[in-house]
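A.B. asks: Residues per chain, in single letters:
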Amino acid sequence: MRICLVFEGSYPYLFGGVSSWAHQLISALPDIEFSLLLIGPKKEKRGQFVYELPANVIETYEYFLDEPLDTKPSSRPRFSFSPEETEEIRKMLLCRDCNFDLIINAFRRQKYPAEAFLQSREFMAMFSGIMQDTLRLAPYSDTFYMERSMMLPVLYLMQAKNPKADCYHAISTGYAGLLTVIAGHVTGKPILLTEHGIYSREREEEMIRSDWVSADYKKHWIDFFYMLSGAIYQRAVKITSLFASASQIQKDIGAPADRCEVISNGIDFPKFSTARAKKPDGFIDIGAAVRFAKIKDIKTMIYAFYEVTQSFPNARLHILGPDEDKKYADECRELVRYLGLTNVLMPGRISDMPAYYEKLDFTILTSLSEGQPLTLLESFAAGRPAVATDVGCCRELIFGSKGDDFGMAGYIAHPMDAHDIAEKMLLLCNSPEDIKAFGENGRKRAEKYYQRPDMVEKYRKLYEEVV
Amino acid sequence: MAGIGFELNKLFKEKSFSAKVRALGYSGIVVAGPLVLGIAFVFMVTFMAGKYGLSLTDRMLLSAMITYAIMASLFLTGTISLPVTRYVSDCLYKEEDENVIPSLYGSLAVILPPGAVLYLIFLLQSKFSFTVTLLNLMLFLLLCCIWLQTGYLSAVKDYRGIMLSYVIAIGAAFLTLLLLHLFFGAAYWIFLMSCVVGYGCQVLFAFSLIYDFFDSDEKGAFAFLPYLKKYFSLSLIGTLSNIGSFSHILLAWRSRISVHVGGAFYTSPYYDVPAFYAYLATLVTTIFFVTRAETAFFEKYSAYFGALNSAAPYYFVKEKREQMLTVMWADILQAAVLQVLTTAGMLSIGVILFERAGFGILVQIRSYFISLTLGYSMYATANMLTLFSMYFADYKSVLIDDSIFAGGVIVSTALIMTYGPLRLFGLGFCLGAFFYLLVSYINLRVYTANLEYEVLAKKPLCRIRKEEAPACPEKT
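From first to last, the protein sequence lines are chains A and B. Sequential numbering of the first sequence, starting at 1, is according to this note's numbering. Sequential numbering of the second sequence, starting at 1001, is according to this note's numbering.
One thing to keep in mind: the hints can contain errors.
Unchecked claim - Label pairs and their computed distance ranges (CB to CB):
1. A:G340 to B:Y1093: 22 to 30 Å
2. A:R209 to B:E1098: 24 to 32 Å
3. A:L345 to B:G1306: 55 to 63 Å
4. B:I1170 to A:D70: 55 to 63 Å
5. B:Y1093 to A:K111: 53 to 61 Å
6. B:L1333 to A:K111: 19 to 27 Å
7. A:Q234 to B:A1311: 53 to 61 Å
8. A:D70 to B:Y1391: 29 to 37 Å
9. A:P54 to B:D1090: 42 to 50 Å
10. B:K1229 to A:R76: 54 to 62 Å
11. B:D1090 to A:G340: 22 to 30 Å
12. B:E1322 to A:K111: 56 to 64 Å
To be verified - In silico SDA-like links for lysine to any residue, alpha-carbon gap of 25 Å or less:
13. A:K271 to A:K458
14. A:K91 to B:K1396
15. B:K1459 to A:K271
16. B:K1300 to A:Q132
17. B:K1396 to A:Q132
18. B:K1127 to B:L1308
19. B:K1458 to A:K271
20. A:K111 to B:K1458
No lab work stands behind these hints, which were simulated from the structure alone. Yeah, the Cβ is synthetic: ideal placement off N, Cα and C, and Gly gets one too.
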């Protein structure tokens, strides 16, 4: 059996939750062959894998969203579409639900590169028609350039070559979802979708916050990403998420309920559960197994720790992760210096986390957005409770879901609220008994619900069922 | 050229007849002055040479020397004049006036040395005396300066000053001739010297006009050079346009009707004279373009591109486009009608004048005049069409137009002058101009039929600079 996994901007270029999950899954299924379809933002990353690919990864295909920017103008490209295809392409340009099967066929049979469509008379005619009939008051040239930048990666992927596989499994919607839809349509093979975070919701939040997109076009971009989600939701035979509320969101935004399923993350419980209790040394050691990235909001973490040290001077903070965003990492280090904090350790990525957990009392996670963070599960497996922000699945992990009576395994705080995070940290700092009790609750939870063999077995069954 | 056009347009709008006559005169002087001045020099010098007793052969040689210098300098400067003009336009647009004058020096530095070498090689074949060779060379170099200065003068709105410079040039040349004749008699070189002095005065006066208008700065004399590469097509266009316009004259100089006047100089007076007069037919369309078509059109053109570059919706952009194209085609039609009337007038009056001047007895001169007038009339209209294409930066089409023009003129003229009857020698240029007109019309029609496609969609998918690249969506 060969499964093609489709990633966008994660494995194997970056460390992180999705990458760890993918690497562990592939490694845990050595009898299944995997191909990788990879989409990255910049072509300078080609081949720059931070993971050594397991032996059962047979081939990789890489596509980069900045590659079509180098496309030289085709000399008067000509495209020929049927009236039905033209109508569907128009809908795609308007980011409405459209028939991607027709669109894919239409572009794959043209003799010019699909992205040359954006330089063609046919596109101009369609675009001007849309501006005349539908977007009558929108700025003409601004909308033209926006439409071009929006559709360029979509068209670039339309004629993408796909590895042969028995099933195509997208690990997000967005461009990965689109590429999976294309592969499935061309080969006739089934497609699957697993979402760790809800891609379209995350893009929506980013668009709303962003200052690089004009306010006039934010809605259009949001609709664009929902259109891409809808494309794979309608075609995937199975749509999985990591936790129940994520699955509900998928259904809310159009995923057919009968195809949705929850498969939780899993960790190497035996490995992490070997971590022994920390020997008392007069300090409370707080760990954060996170990479230096803005999404992890390490600056708020540092501010919160500063507040903790005002009333609990014997606290130490360990930030254990690589500098994914070098500029941000330097800013965090500068903040530590600026606040005069001497008890913040930043040793980088730790290869033997179970051993390092023996130095920690509890962990902290201050992310702005999460799915089902592996770092929390590993912390629980090591018997360490956690303070986490109320994003993604964190509440469910800390307090347990329906039917889970193990009790709380830490505290939940408001994202971006350094004071609230500090208060929750102080609750644990001032109560070693709670640290021990909550840590035990977490360990039991991780042991029962979040073991990797269970997760791997579920995916194996999923593949067998689908293929 | 729009600067002059707008200023002249104000004069045209004045109600008095004299203002309109002045406006017509000024526009003619500005757009065609240098070439007309050259023709005037030729006639002045040859007329005075005749008065002072020079032989017909010597007079023809003098005329050929001046004509060759005009032609050679025109061809040479034509290779860079359009990119340089484009550079100057961009400087004016960006309000970087201080870069303009240095670019004039830079372009002179680029053109004069190789031009001097090439022309000297040509002159040495004639084995003239040192003085005559030097004066010919100086004449050529001064004419190169004048052609290059013309592009800069079109931005200077002092049209009285420009006309004054021509008057001073002719006057200085005439006075020099009189003075030198007093001291040296009818020596051959005094005629060339008078031209050198005349053109020299014009160059100096033009410099003073240019310095008055633009800020001067010693830096960046060669800042225009990248434009030669970036706008190489403009260099080709300028060169091909000159080839098309004048190669038939060069071919006539080596044809069956050519006369060897001395050294390496050959002319064909029976062809040259009607050609120069026929060239005057282009004035009508050129003046009309500068004063009316370019100004009225330019306002609509600015409105259309302003709409495209601002946040205007499609219905507004479409409306501005239709207004612009309506004005453009109406002006083209009006210019074409004027040209037809002028051509008809020139043909009827010109033929009579030729007969009165004693040329009429030669059928071939009359037929040259007719065919060349028709040819230059079509050339003028085609040239206007290509100028509109240049407004839309459709350099590719203009290059095709001018290639067909140059190729058509050379091929048909060469064939006719080699195998055809003498009286049809002007037909080659006429045919070339006809194809030029046809192709330039078709190209402009096709381009403007789908303007948003040409302006927006055909441009490359732009490269985003790193500092402007949006942040990659964060992944959990």
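A.B. asks: Please go over all the hints and tell whether each is borne out by the structure.
C.D. replies: Taking the hints in turn, this is what the structure says about them:
Between A:G340 and B:Y1093, the C-beta spacing of about 55 Å breaks the proposed range 22 to 30 Å. Distance hint for A:R209 and B:E1098: a CB-CB separation of about 44 Å, inconsistent with the stated range 24 to 32 Å. Between A:L345 and B:G1306, the C-beta spacing of about 60 Å keeps the proposed range 55 to 63 Å intact. The supplied range of 55 to 63 Å is met by B:I1170 and A:D70, whose beta-carbon atoms lie about 58 Å from each other.
Checked against the given bound of 53 to 61 Å, the beta carbons of B:Y1093 and A:K111, roughly 41 Å apart, lie outside it. For the pair B:L1333 and A:K111, the beta carbons lie near 41 Å from each other, so the given range of 19 to 27 Å is not met. Taking the beta carbon of each, A:Q234 and B:A1311 are about 36 Å apart, not inside 53 to 61 Å as hinted. A hinted range of 29 to 37 Å for the beta carbons of A:D70 and B:Y1391 is consistent with their spacing of about 30 Å.
The hinted range of 42 to 50 Å is not satisfied by A:P54 and B:D1090, whose Cβ atoms lie roughly 58 Å apart. Judged by the Cβ atoms, the range 54 to 62 Å given for B:K1229 and A:R76 is violated: they are separated by roughly 25 Å. B:D1090 and A:G340 have their C-beta atoms about 55 Å apart, which leaves the hinted 22 to 30 Å range violated. Between B:E1322 and A:K111 the C-beta distance comes to about 34 Å, which lies outside the given range of 56 to 64 Å.
For a cut-off of 25 Å, the pair hint linking A:K271 to A:K458 stands: about 21 Å separates their Cα positions. Distance check on the hinted pair: A:K91 and B:K1396 sit about 35 Å apart at the alpha-carbon level, beyond 25 Å; violated. For a cut-off of 25 Å, the pair hint linking B:K1459 to A:K271 is broken: about 58 Å separates their Cα positions. Proposed proximity of B:K1300 and A:Q132 is supported: the alpha carbons are some 22 Å apart, at most 25 Å.
With a C-alpha separation of about 30 Å, the suggested pair B:K1396 and A:Q132 falls outside the 25 Å cut-off, and the hint is violated. Our distance criterion of 25 Å between C-alpha atoms is broken by B:K1127 and B:L1308, whose separation comes to about 61 Å. A C-alpha spacing of about 59 Å is found between B:K1458 and A:K271, which places the hinted pair above 25 Å, so the restraint is violated. With a CA separation close to 18 Å, the supplied pair A:K111 and B:K1458 stays within the 25 Å bound.
Going through the hint list in order, the structure does not satisfy hints 1, 2, 5, 6, 7, 9, 10, 11, 12, 14, 15, 17, 18, 19.
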